[in-house]
Amino acid sequence: MGIDKEMKILLVDDFATMRKVIKNLLKQGGYNSIVEAEDGVAALKVLKSEKVDFIISDWNMPNMTGLELLKAVRADSDLSGLPFLMVTAEGLKENVVVAVKAGVSNYIVKPFTAEVLNEKIEKIIG
Amino acid sequence: MDVRFINAFIEGTLNVTKTMAMVSPVPGNPYLKKDALANGDVSGIIGLTGDVTGSMALSFSEKSILKIVSNMLGEEISEINKDIKDAVGEITNMISGVARKELETTGLTVLAAIPTVVSGKDHSITHVLGGPSIIIPFAMEEGSFVVDICISGMK
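Heads up: the protein sequence lines correspond to chains A and B, in order. One point on numbering: in this note's numbering, the residue at position 119 of the first sequence is 119, and numbering is uninterrupted. With positions in the second sequence counted from 1, the corresponding number in this note's numbering is that position plus 1000.
Don't take every hint at face value.
Subject to a maximum C-alpha distance of 20 Å in a straight line, what follows is the list of computed SDA-like cross-link-like pairs (lysine to any residue) [what the hints assert, rightly or not]:
no., chain 1, residue 1, chain 2, residue 2
1, A, Lys23, B, Lys1018
2, A, Lys93, B, Thr1049
3, B, Lys1063, B, Ser1024
4, A, Lys8, A, Pro62
Bear in mind the hints are in silico, worked out from the structure with no lab data behind them. Just so it is clear, the structure is predicted and the values come from calculations on it, not from any experiment.
So here's chain A without its partners, still in its complex pose (with noise of 0.2 Å):
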């Protein structure tokens, strides 16, 4: 099956700089249907009032962490099927299995180019 570049991507950061850089990285894979939010409690709003087929979203944010939010997602019945791509400066092992037992559907560690980026995605929904 092929990727779905036409695919709504909730980008969940707490830094618009960064936000902007991953998006700009998204687009050059060719995603170009993304919506931002800046926290985890913002992310869930989102979630809520519109369909989206992807989250990606950073560890470290104020207010709820990308692992809260991971589990608010996961524990909710309408939303736990969602692809979920956690990016976090985090590389390190423990974190990867906290992650995964959350239910993530993969990790990428920053810094990252948009090829991996986009491989990453790839790997979740191809």
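Mind docking chain B on chain A? Use the hints.
Chain B alone, transformed into the frame defined by chain A:
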């Protein structure tokens, strides 16, 4: 200071700047810094705990950070603004992340706090331990920046 720590931060800096900003700064010889004055115009600092205690700072000259962030965002930025400060925090976070992962392979577990960013001419960098610190200078065509490390307790 343990050479593993210096190498991990050199590796982290080269990896992050190349991957995110497509620049290849050249590291110079590390040296001891005794005062708290920052070397650059904008700095990010992050606390470190675990098998070591201390902090790591990055201090960029205006020209070097304008080049790095312009490349990261794919748009020209001509002054130190909110985007630049956000990016410095994120770059500090990423370099610390890569370095800590590198240190993990040598058996050291190091955790990091959330970075803070300071800017302005002649601003100071306050390390958790109060100093002195080791400076690793990096040179780019457009300008220079330094990695400033102050740690203790390496096991």
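Tested hints:
1. Distance restraint check for Lys23 (chain A) and Lys1018 (chain B): the Cα-Cα separation of roughly 18 Å lies within the 20 Å cut-off, and the hinted pair is therefore satisfied.
2. Distance hint between Lys93 (chain A) and Thr1049 (chain B) is fulfilled; the C-alpha atoms sit about 17 Å from each other, no more than 20 Å.
3. Using a Cα cut-off of 20 Å, the hinted pair Lys1063 (chain B) and Ser1024 (chain B) holds, with the two alpha carbons roughly 15 Å apart.
4. With a C-alpha separation of about 24 Å, the suggested pair Lys8 (chain A) and Pro62 (chain A) falls outside the 20 Å cut-off, and the hint is violated.
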